[in-house]
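Each chain, letter by letter, is given below.
Protein chains: 2
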Amino acid sequence: MDLMERDLTVSFGPWDVDVEAATGETILDAAERGNVGIEALCGGNGLCGTCMVQVEDTTAVSPVDADERNLLDADQLEAGYRLGCRAEVTEDVSVFVPASSRSEGEIVMTEGREIDFEHAPAIRRYQLEFPAPTLEDTLPDRERVLGALESEYGVRADSIDRLALTTLPTAIREGETDDGDLRTTATVFEESEVLGIDPGRVGPAYGLAIDIGTTTLAIYLLNLQTGEVAAVSSKINPQSSHGGDIISRVQHSTRSPEGKTELQDEIVAGINDSVEEVVAEAGIEPAEIYEAVFVGNTAMHHLFLGIDAGPVAANPYVPANQAILRTKARELKLDTNPAAMVSWLPIIGGWVGPDFVADLLVSGVLDSDETAIVIDIGTNGEIAVSGPEETYVASAPAGPALEGAEIAHGVRAKPGAIQAITLDPDTWEPELDIIEDKTPIGICGSGIIDIVAQLFLVGAINRRGRLVDPEDGHGRVRDTEDGSREFVLVDTDEADIEEAIVVSQSDIRDIQNAKAAIQTGISVLLSEAGFETVDKLIMAGGFGNYIDPESAKLLGLYPEVGAEDVEFLGNAAGYGAMYALLNDDAKAEAERIVEEVSYVELAAWDGFHDAFAQSMYLPHRDFDRYPWVKERVEATRGADDEL
Amino acid sequence: MDLMERDLTVSFGPWDVDVEAATGETILDAAERGNVGIEALCGGNGLCGTCMVQVEDTTAVSPVDADERNLLDADQLEAGYRLGCRAEVTEDVSVFVPASSRSEGEIVMTEGREIDFEHAPAIRRYQLEFPAPTLEDTLPDRERVLGALESEYGVRADSIDRLALTTLPTAIREGETDDGDLRTTATVFEESEVLGIDPGRVGPAYGLAIDIGTTTLAIYLLNLQTGEVAAVSSKINPQSSHGGDIISRVQHSTRSPEGKTELQDEIVAGINDSVEEVVAEAGIEPAEIYEAVFVGNTAMHHLFLGIDAGPVAANPYVPANQAILRTKARELKLDTNPAAMVSWLPIIGGWVGPDFVADLLVSGVLDSDETAIVIDIGTNGEIAVSGPEETYVASAPAGPALEGAEIAHGVRAKPGAIQAITLDPDTWEPELDIIEDKTPIGICGSGIIDIVAQLFLVGAINRRGRLVDPEDGHGRVRDTEDGSREFVLVDTDEADIEEAIVVSQSDIRDIQNAKAAIQTGISVLLSEAGFETVDKLIMAGGFGNYIDPESAKLLGLYPEVGAEDVEFLGNAAGYGAMYALLNDDAKAEAERIVEEVSYVELAAWDGFHDAFAQSMYLPHRDFDRYPWVKERVEATRGADDEL
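Those sequence lines, one after another, are chains Z and D. Going by UniProt numbering, the residue at position 637 of the first sequence is 637; the numbering climbs one at a time, nothing skipped. Going by UniProt numbering, the residue at position 26 of the second sequence is 26; the numbering climbs one at a time, nothing skipped.
Among the hints, a few may not be true.
Which copy? The list can't say, so a pair holds if one copy fits it or any two copies do.
[Stated by the list, open to error] Listed next, the in silico SDA-like pairs over lysine to any residue satisfying Cα-Cα at most 25 Å (straight line):
id	residue 1	residue 2
1	Lys333	Met616
2	Lys333	Ala269
3	Lys536	Glu494
4	Lys630	Asp426
No lab work stands behind these hints: they were computed from the structure.
All chains should be modelled from the sequences, with the hints used to inform the complete structure.
This is how it looks when you write it as structure tokens:
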């Protein structure tokens with residue numbers, strides 16, 4: 001080879017790497033010499049098709065050969081796709097290496113936080129070709145397939161799924177070639193178990209990332225070969241008919257064995273409906289789905305798997321398991337390939353479930369030298385405080401107020417919902433941001449946090465959250481029939497509404513309670529961690545995106561970090577499931593997270609009640625801990641004695 | 001302890017071992033000093049109950065304590081059962097150690113060949129007791145149970161069956177003791193997977209040994225703690241309605257997917273009926289059955305597991321798998337505990353299945369320095385020739401003639417069947433042994449072998465199997481309408497029958513063909529093994545028991561070994577399954593057998609057809625190879641030119 005004259009140039013995209021090559025050398029050889037990572041599972045023998053590349057000018061390479069005709073379809077050949085191990089360069093040529101052919105494939109998730117990771121799914125497909133058995137060579141079929149996997153790819157799988165084995169004898173014989181060999185495709189999980197055997201050559205395998213929220217069921221169908229999201233489905237969790245909250249569903253499940261089965265059947269049916277949608281959208285068969293990774297809170301985990309959920313919902317809130325649970329799709333009656341491997345990310349505690357483990361996985365805080373707080377706000381606020389060495393997690397029983405539920409005029413985020421509010425510092429006149437500018441119908445979660453923060457900022461409530469005397473209320477504060485007070489946000493004469501939209505003293509108290517729960521959780525974990533401030537605040541979960549960070553800081557809900565130090569992960573739970581589907585190491589990483597974090601049971605923490613009482617103040621009993629808030633309030637109100 | 005005066009004697013049965021002991025010493029301590037093997041899984045802490053012994057005189061030991069009251073029931077205490085780790089000796093005492101408490105427990109199977117082996121089942125039960133979780137100790141349930149298994153017994157199980165986990169949280173809490181600990185029983189497979197969690201303390205686990213014959217389905221229910229057979233069921237294989245032979249059933253299974261499912265459903269339903277019978281007889285619940293070990297021929301294996309059986313029944317007869325296949329009972333809809341572990345012994349070849357592997361396992365020939373032949377006669381005769389180093393196996397296509405099927409007057413072994421025959425050397429008058437001495441209805445398998453051997457012995461047929469001229473036939477040989485001949489065994493005037501019971505020339509030819517198949521198989525394997533005679537002939541399978549060895553030797557069906565060197569294993573397949581159920585190592589041993597034996601495909605063996613043609617002669621073309629037969633024939637007939 002050294003004597004060969006390398007007078008041609010192969011230019012590899014998407015990296016723009018130029019490699020010198022000799023006439024007649026294959027693209028794969030050139031790539032290898034130039035350290036361009038092209039997958040070649042069969043060792044460049046024209047068997048596997050993993051080294052497929054797109055050639056800009058097909059006249060600059062050798063004509064299509066038999067192996068290429070066998071492994072590539074007409075459309076691919078038309079588009080210039082060739083096998084790197086077969087196409088020989090004859091002139092200078094530009095070659096594009098698609099993601100699926102890159103040996104160090106890398107996936108970048110760009111929604112929410114950008115995460116980069118190696119493309120290394122648990123499910124891989126191997127093209128096999130081996131001699132048919134004869135009277136002289138009677139090795140049984142199963143051992144023949146496993147032997148080919150090892151000899152062709154070095155994959156030492158030691159088992160074949162029971163159902164896959166039932167059709168294996170006919171499947172491998174259907175793939176008989178003209179020269180009498182048997183050609184087949186094995187779909188293998190973690191290089192250890194063969195889940196499927198198809199005759200001949202088949203396309204990519206698919207996987208599902210499934211996020212079972214108490215409210216929403218979200219399903220992502222991913223092409224495991226390219227890492228692309230092929231289709232998405234989102235719907236209301238069908239268990240909602242038994243109550244919107246976790247506790248009433250758990251109660252339904254413990255009342256009778258039928259109740260437990262009913263909840264399990266409902267969520268499985270809901271998932272199967274969504275699977276039907278996504279496979280139709282992607283134009284694939286359910287049997288092409290070979291893996292599903294689940295996230296959700298601990299209760300959703302138990303109810304889906306049919307695990308008795310009574311104990312986890314009662315003191316001391318201990319879940320049935322910590323580890324990743326694995327099973328086959330058919331055990332759970334999921335309409336995928338029956339041999340598909342189903343796993344749930346692991347569990348930290350009763351109220352810190354696989355969804356928050358996914359948050360932590362995506363956040364990367366355990367591998368960071370920075371200090372950070374991760375918060376996922378929901379009915380339970382999950383919190384992590386992470387330092388360079390240790391990470392502490394807790395669940396704060398915030399209740400539903402922060403999401404706008406159980407608030408007098410609280411509504412879901414929908415047209416007509418007041419989602420953002422500012423008050424004029426002098427006149428207390430509200431300026432409202434209403435979704436789609438419709439006639440206002442109520443206040444959603446982000447709005448309720450805004451209004452309490454604004455009431456505090458302008459002095460309409462004091463640091464204990466109490467509304468001022470109506471005499472001092474600029475006509476916006478008024479007494480109620482039951483001897484309390486309320487702040488009028490939109491009166492009946494201000495919009496075409498039958499009843500004024502108000503914030504009651506009780507609403508304010510609920511928000512104080514909720515923020516105090518989270519604030520106390522953070523302070524307990526900071527105290528455990530031994531530091532007082534952090535470099536970064538990371539908000540996970542959809543709701544965190546909608547809260548105005550300034551309002552949250554004014555209330556003391558968020559600690560004081562600069563605006564540039566607040567990061568939004570978006571739907572980190574769903575991303576975590578996708579990540580674990582596309583990179584199998586992420587599952588072990590999730591288990592490591594569960595092993596390494598220290599779970600703090602807030603209710604059992606010495607001094608919790610005292611800390612909670614101090615956090616009921618706005619922003620905190622000890623105002624000096626929140627200098628930015630103090631400055632903002634003083635600047636807005638002017639010198640105010642009550643501070 | 002050395003200062004203690006050991007003035008008492010504890011006598012341990014069933015071994016009659018006397019051990020000196022000091023007053024106040026426990027029975028377990030005395031046993032350990034005397035090397036009497038008593039199981040004590042919990043280390044003698046009164047937790048597991050495995051050291052239970054029966055004391056002859058309960059006044060010679062300390063009073064029953066709380067642990068004993070907890071682990072032993074009233075009947076047991078009444079019968080003198082005590083915990084070895086709790087009962088302290090106060091006087092000389094005799095103690096019986098039941099099999100279940102022996103740490104080197106030994107099982108002796110006495111039906112058929114006696115086999116001794118260590119009692120070491122895959123399924124074991126462990127009594128656990130651990131603290132209930134609290135807010136300060138929130139280890140999840142699964143990890144709590146696995147941790148207790150490791151800390152109390154050193155058992156490092158790493159998984160819990162999915163269904164067992166669904167009820168684990170409530171099960172462990174139901175076993176709460178007065179002092180707030182959780183007491184539970186874990187049923188564990190191979191120290192690796194927990195299959196069941198029961199509250200409190202439960203009795204022994206059970207297992208099934210199942211032998212699916214083409215004709216007969218036999219099920220044995222075993223107490224896995226004592227090794228005792230608790231109940232047995234035997235019935236016709238319900239697949240028989242689709243044909244008595246393997247080929248017609250395989251054809252039914254390949255004709256349509258429904259046919260395959262139908263055969264699988266039928267055998268499963270048959271097994272479930274039998275399970276219902278045996279659990280009723282033993283007075284246990286199906287959920288107490290935690291393991292099932294299956295044997296049968298390769299086709300029965302495939303049809304039961306739903307594996308496509310077309311390929312294994314067609315040249316080159318390659319089975320779907322070689323290895324032991326394992327699955328959960330619920331996957332196959334067996335009415336046992338749904339988590340029960342189901343395994344099939346491994347496979348050597350298409351016509352040498354798990355049943356013959358069980359034969360070899362029970363025969364012990366692979367670990368013997370003697371040379372031996374193992375034969376299991378059926379429609380296919382499975383043969384092994386074993387030397388000190390190598391073992392060769394083959395399947396000989398004998399057809400059903402040796403079992404009396406497809407013979408003109410062949411019948412099953414039932415009342416009225418002629419099961420043994422001798423002919424008077426001079427008059428050729430038959431002396432018949434008829435089952436239950438009823439009016440003769442036909443000839444069963446052992447009878448047909450006898451009559452052909454006797455015909456040869458007295459000279460009624462020549463060495464090619466041809467009946468003599470009727471003129472020389474003492475009135476017993478006559479011409480038939482179709483130009484052939486027959487030998488009259490029972491004429492219409494000799495018994496109250498409408499049609500004479502005869503042996504046709506064609507019957508004789510069928511027997512010659514069948515014996516030639518097996519004889520050729522043996523000679524091929526002997527030739528491969530490189531020796532001509534063997535120390536021992538081992539007959540496996542029920543049918544081998546019924547064949548008269550002398551008749552078999554006269555035909556050349558058996559090689560010439562002395563009568564004392566013929567051993568009968570009885571239903572070795574069933575015993576093999578029981579053995580593997582009671583001693584888990586037997587499964588690995590079976591896999592080693594499959595790995596180590598050399599399978600010889602007779603049809604592909606060079607010179608097979610020539611050897612077969614020579615074996616069509618009685619006893620063989622080369623008479624000198626059978627000196628004992630020659631001598632017998634000469635002694636019976638006198639000098640006979642035709643020899």
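A quick look at each hint next to the structure:
Taking the shortest Cα distances, Lys333 and Met616 never come within 25 Å of each other, neither inside one copy (48 Å) nor across copies (58 Å). In the homo-oligomer, the alpha carbons of Lys333 and Ala269 lie at most 25 Å apart both inside one protomer (9 Å) and across protomers (23 Å), since each shortest distance falls under that limit. Neither within a single protomer nor between protomers do Lys536 and Glu494 lie at most 25 Å apart by alpha-carbon distance, with minima of 42 Å and 108 Å respectively. For the homomeric pair Lys630 and Asp426, the shortest alpha-carbon distance inside one copy (18 Å) is at most 25 Å, but the shortest distance between copies (129 Å) is not.
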